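Participant: Chain residues, written in single-letter form:
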Amino acid sequence: MNTRMFGEKVARVEDDRLLRGHGRYVDDLAAGALHAAVLRSPHAHARIKDIDVTDVLDCAGVHAVWTSEDLDELGGSLAGPLPLLIPHPALTHGRTQHALARGEVNYAGEAIAFVVADDRYLAEDAVARIRVDYEPLPPVVGIEAARAAEHVVHPDVPGNVGARLEQANGDAAAAIAKAPHRLSLDLTIERSASTPMEGRGVVAQWNADLGRLLLWSSTQTSTGVRAAVAAQLGLDLRQVDVMTPDVGGGFGVKINHPWPEEVLVALAARSLGRPVKFTEDRREHFISSAHERGQVHHVEVGFDDDGRLLGLDVTFWHDHGAYTPYGLIVPIITSTQLLGPYKPQAYRVAFESLYTNTVMVTPYRGAGRPQGCFVMERTMDAIADALGKDRLEVRSANFIQPDEFPYDHGLVFQDGRELEYDSGDYPALLEKLRKLVGWDDFEQLRAEKAAEGKRVGIGVACYVEGTGVGPYEGAHVHVETSGKVKVATGLTSQGQGHQTAFAQIVADELGVRFEDVEITTGDTRRMPYAVGTFASRAAVMSGSAIHKAAKRTREKALRIAAEALEVDVTDLDIVDGVVEVKGVPGSTIDLGTVAVLANPLRYAFDEASRAATQFTVGDPGKPPVAEGEQPGLEGTDFHSPERSTFASGMHAVVVETDPETAEIKILKYAVVHDCGRLINPMIVEGQIHGGVAQGVGGALYERMVYDDAGQLLNASFMDFLMPYVTEVPDRIDIDHQETPSPLNPLGIKGAGEAGVIPSAAVFAAAIEDAERIDHPGLTIRAMPISPSELFALRQAHEAGKDTP
Amino acid sequence: MTEPAQQRAEEQHEVRLEVNGASYDVTVPARRLLSDALRHDLGLTGTHVGCEHGVCGACTVLVDGAPVRSCLMLAVSAQGSRITTVEGLTRDDGGLGPVQQAFRDCHGLQCGFCTPGFLTTITAGIAANPDPTRAEAQEMVAGNLCRCTGYQNIVAAVQRAAELAGDGT
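Top line first, the protein sequences correspond to chains A and B. Numbers 1 to 804, taken from our numbering, label the letters of the first sequence in order. Numbers 1001 to 1169, taken from our numbering, label the letters of the second sequence in order.
Just chain B, with the same shape it has in the complex (with noise of 0.2 Å):
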């Protein structure tokens, strides 16, 4: 077992990665997740980690707008994308987003913990689908995890983000 081979330092790359309209170089081993290349080499610790193995949701990010499990993805391979987290769903002004307004407005997280995830879902979400049915909000979050809120309030939220990004909110 004890390969010298094994205590060698890692190799290295160099990765650059454009999240949330900033440029960041970082320097990772081939195995680094981006989930955790995002929260300890970016300081974006608003993506979470609930399970570690794509079931969950919570740490969905946008990649080049589509919804992605960072937990599923080696940062080396984010080069080149770009990538949405929560920190990056807030209005130029400063204020919320729609999808974060929405949940505000509709009761929709308790803990907090899974939100980021279900975030950046339905701003993919929404801005495929503007004007979703109950029936297609429901199937929009279908995929993610919530154990605080029972989901009734997520998928109103679903629908009243839908309206606020309808009104250019």
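One chain only, chain A, in its complex shape (with noise of 0.2 Å):
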């Protein structure tokens, strides 16, 4: 009997040559290769006069110096505007950027030259040698000069605006306006970013010998860099090749390609026939890669006396920053998953995303989501607050029911099919949370704190994410003659310990041992069709296609077995990598031999391949490869879901708010989550412990501050608040609920993104809730939010002045 991996807390199989320091992310790689490094623009918004690179050019150890002009001559793409890889009908005004700037600069820290030299010193001392010429122009910072589009980013976007999109289900505006109760409200997020402790890197090689590209990436995809690379240099897709080694972390912001570096060093490499590397520097992460997050918002919501949402219209502004090569991905998302576990009975959404003079913006953990949260959850409390009742009983009494799915919402969602949800069962969800939180016993201990002089409140937030989705993924599972089982998956791995989950799930299907399966991701060469790693989609969509060609592989494997063992194919079974005729002790075959006997060979050179060649196996009235099968004990197949899963969950908060400094302190953190069945519940645990990290971050402490000129002044881990261990609560209390997705074999849903999607909403609950005590009526209404933010808030509310 084999024992079950599935849903058991197996310890990562990535740990070992991790501790020992045996990573190998990009920067360790291609030791002794040539170091290139950027120069970039210092102005938010400037037109680039003149270029004088003269200096540069008898430097000790440089090899290279590029601007646009040079790119011209290099051929491909390179003339034109890297590549818009979302397009939608609603982008009416997408531009992007060049590998590197045209006669304008849009962001400080936009691409302007390049250099490649011995080491990233000599290149960076180039760098500084460069001079450039520029006319400053009026910089666009923030939503609120956007709208106002006194200026403008790009002269042919008339008012900033590079989409609009509405979708609406009924009448909101009829509805509101003849509810009982109406409310509105404005509410903003600041910017924020994924900032991954590892920045992109990327390594490249021509091998002149065979006409091929060679490129490993710090990327979320391979086959997105590999197609975007090739066209860019105008080679064949078969002339290039991309690797994904271990990633120090994406969240999001590796989703993006192809960056100018990935571009640059690959035509470096090639130009200079030598190995190149970029590695980013932690500055220019900040001011070169993408930020999120940054929305304003306003709702219009009426309601009946349970406080059911009976029209519910939301409009939005997003800040894309200066360019959009990653689409309307994040608004769109906002747009469809702001409804979380609620069924408005009108809804309509509309929103404009907006160029400013910033830093770009591509999907962070959450993509869109924690916004959308945000605003429905805060709506939610206004309406509790507003009928004076509990604001649980509120979101109860519009949750979708257990028996209303699937649940069509009537609206598009991001991969442009149907918002359907599939499954899941809300109230008994939000029952977990209340016993997991103690809410029926709050107000004793709310009580018991202000006899103590002590100011806490709790906040709750749900959600619900669309996760898993499409197009595809695939799989390649291949049994050796050793009987050991080599996977690949095209997607990539940044930390989520793929190569545990999808061994477990090898081990079960294929009936193999876990030691015995080895994963590999990011790797063209093994998978080349694949889409990448975001929208939670990795365990849902690799883990069902390694499912589905580890089935593929193990019914070619009892085929053959049956044959060569002279039973029915519904004698056997496979255990730990041996395949049995069921009750028959000793009558067995090795999946090694197996693997021998699928590949007839002419040719002997191992003890294995002896016993493989044509003149020992097979039938000599039949052709050694059988009609309708391959050599080899293989199996591929690929995962196309119709739609998305929808995975849901549910935090609280118990906080403490200082009355006198206003600093918040967390007492109590709690998390109900149901993304279907779980692979690996410590590796799921552990996504929802980082999630609810960068959560606290992004509600208490992360944000992109810039100055009115478009400067990011907090362009470090100095200023830039990242939480350490002491601003985390000490421990998250998680239970979880399996509510089987139908969508695919195994049952699963993401739960990547879970952690972070309720965080500025169950915050600013809380410390609403807390600050009320001493302030009754005050509202949070913007996150994050710092102490001294509090503190002003406090005094706004008692000089009148704050908006409800």
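It is worth saying that the hints were derived from the structure and are not from the lab. The structure displayed is predicted, hence computed values, not measured ones. Each hint should be verified, as a subset may be incorrect.
[As the list claims (entries may be wrong)] In silico SDA-like cross-links for lysine to any residue, where the CA-CA straight-line distance does not exceed 25 Å: (1) A:Lys484 / A:Pro528; (2) A:Lys9 / B:Glu1163; (3) A:Lys665 / B:Gly1095; (4) A:Lys484 / A:Glu580; (5) A:Lys389 / A:Asp305; (6) A:Lys622 / A:Pro641; (7) A:Lys665 / B:Arg1134; (8) A:Lys665 / B:Gly1143; (9) A:Lys9 / B:Glu1139; (10) A:Lys9 / B:Leu1164; (11) A:Lys343 / A:Glu300; (12) A:Lys178 / A:Ser396; (13) A:Lys486 / A:Thr3; (14) A:Lys484 / B:Gly1095; (15) A:Lys9 / B:Cys1106; (16) A:Lys9 / B:Gln1159; (17) A:Lys551 / A:Val581; (18) A:Lys484 / A:His22; (19) A:Lys665 / B:Pro1130; (20) A:Lys343 / A:Ser271; (21) A:Lys665 / A:Pro528; (22) A:Lys665 / B:Leu1164; (23) A:Lys449 / B:Ala1135; (24) A:Lys432 / A:Glu656; (25) A:Lys9 / B:Gly1095; (26) A:Lys454 / B:Ala1135; (27) A:Lys9 / B:Arg1134.
Please dock the two separately framed chains into a single complex, following the hints provided.
Facilitator: So this is what it looks like as structure tokens:
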């Protein structure tokens, strides 16, 4: 009997090498490679009048210096802008940057010139010697300035509006007008960013003998980088291999591609005939990769006496920065996912996606959902407040019920498919949370704390997360004659423990030992068809594809073994890598031997191959490879679901706010979570822990502080306040609910982003609740919030100057 | 700007680095960071660079037993010191050292990029305080950034490491 691995807290196979310092991250590769450095714009908005590289040309150790003019001569598509990866009909004014700026820069940090030298020190020396003559232009910074459009980012984009998109289900305006109760709210979330511990990095090597480009990138999509770099350099796809080695965190930012440096390093490797490396430093990561989250929202809502949403109308403005390579994914997700577990009777949402002279936006863990959750959950709290009702009661009145699945919202989701929830049980989830956080006993705790002069508050926030978006992922399973199982899937890993979770799936399905399974991710040589790691999709998409490919491999193994053992396929089982005839001890054949039989050979080169020559295997009356079969014990399959799976969860937090200093302390944090069936609960809980920590950062500490000139003032870990251990909850209480998804064979939903989605909402609610002891009616409408901002809010409230 | 002085090859210095019990002779310019020397001159790429301004702690190594940010130290100033990197934390028999094993036991790492800095920091921490309370365990790692784990399992790993080290494992 195999010990089932699925659902077990299996220790990670990745850990041993990572703990020994034997991980291989991009900057660890290609010792002796040349190093690149980039000259970046010091201005947020400027015309480039002249670039003078004369002083660099005779620098010792410098091999190349390029500006946009040089790229024109190097061929491919480099003279044009980088691709707009995700076009959308509503993105009427999409703009992307050039690998090196041509004539104009639109954010401080935009790449202008590229230098390759013996090492990074010399490359940076050379960059400092390039002289650029700028004509500064007025910068557009922040949503207010973008909307006012006194100045524009791109002269051919009127009003700074890149896109406007509206969706509706029912007549929300009419429903609100008729509703017995109405509210309007203005809600703001500031910019933040993924900030993985490892920045971007790329190494390229041109193999002139093979005419091939080998490229390693710290990316969330190897196949995407491969296609994009091939297109930019004018190479055939088959001339480019992209490998993603260990990646030091991604969280969304590394899904964008190609970065200017990915193209330039590849080009330099080919031009110079030597390996070239670019390793981003921390300041570069802040000013030249991507941010997210910045949005301003206006809500109009009409509801009945129970708090039921009769009409919900949301308009919001999304700051997408200077360029739109990743299209409208983030605001589309906000506009659809803000509905969470609720079913308003009528809903209309419209957004404008706006240009500013700041770093561009690509998804950051949660990808628009934290903003949407903030909007919806603040609205729920405001309704409860207006009606004098319990906040959980109002939420319950609006839940989609367990018997209403699949639930179609009548909207189009980010993948172009219907926003149709596959499964869930929100009332049960809320009951779990009520118990886990002690909701019903909270007033007692509040009274006890009040007696000690302390102010505590509780908040709750619910979300639904579309996970496992398409279009597809694939897997290839190969059993070697040793019995070892080599599995490849094309999406990449950046710390999620895929090598462990996927091996668990293979071990179960194929009937092999977990230790004999080796998973490769993100290598286009091994699996050239893939999409990438984002939208909590890896377990759902690659997990399912691997399950199916392992199943095919198992079926083939059983067919061959049945013939070899002269029994029926149904009499066989595979246990620990050995095919057994059920109930007949000793009647077995190793999977490795089955692999030998699966591949008739002409040449013998070792013991296994000697057993596989066509003189020893097969029926002389039949073709060596049977019709409809292929040689080798292998299986390939793909998973391409109709639509996304929808995970759900609810968080609650108890905070204490200091009546004097407005300091905010976390007393308790509780998470209930439903991501369908769990492959490895240890890994899922780790994802929740990490998500919550990022959420704490986003709610209380992290923001991108731009001045009016478009300079990012806190572009370092010294000034961008990422949480240390001292800022996160000591403990997170977690309870799982497993509502299987009907959309994949394993019943799983994604878990990667969940922890971060409700943070802004749940902290706003808890802090507001605590504050109302001394400041009745105080409202929190903007996040993140610092102690000094909370202090200012108190003062504004006392002066009657806050906006309810 | 085109001063010929700028174009002269940089002055090089011969330095002997004692790392994980082995001696390495390297020739480096004065400005070469210890982190770069370890990674790129010695090929000990287990030490990672996360911020280059001493805040994140990923590059932490032990210099004569004390945790030091190797991105804030010049290679030339490490002459004569005993340096321990993550590669030097394994047991003599090749097994994982107590801090490494504790991280595996407690799922104290995800992407693994910040991990070497935590491992070296905690190694020094439990040498100084072999039985840390939970609060002391938090304090021990309070200068290192991790973006993946949320720290709860890292704090658990500190206490587990102390246990393992106490058992002589």
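Participant: Would you pick out the hints that fail for this structure and give their numbers low to high?
Facilitator: Violated hints (numbers, rising): 3, 6, 9, 19, 20, 21, 22; every other hint is consistent with the structure.
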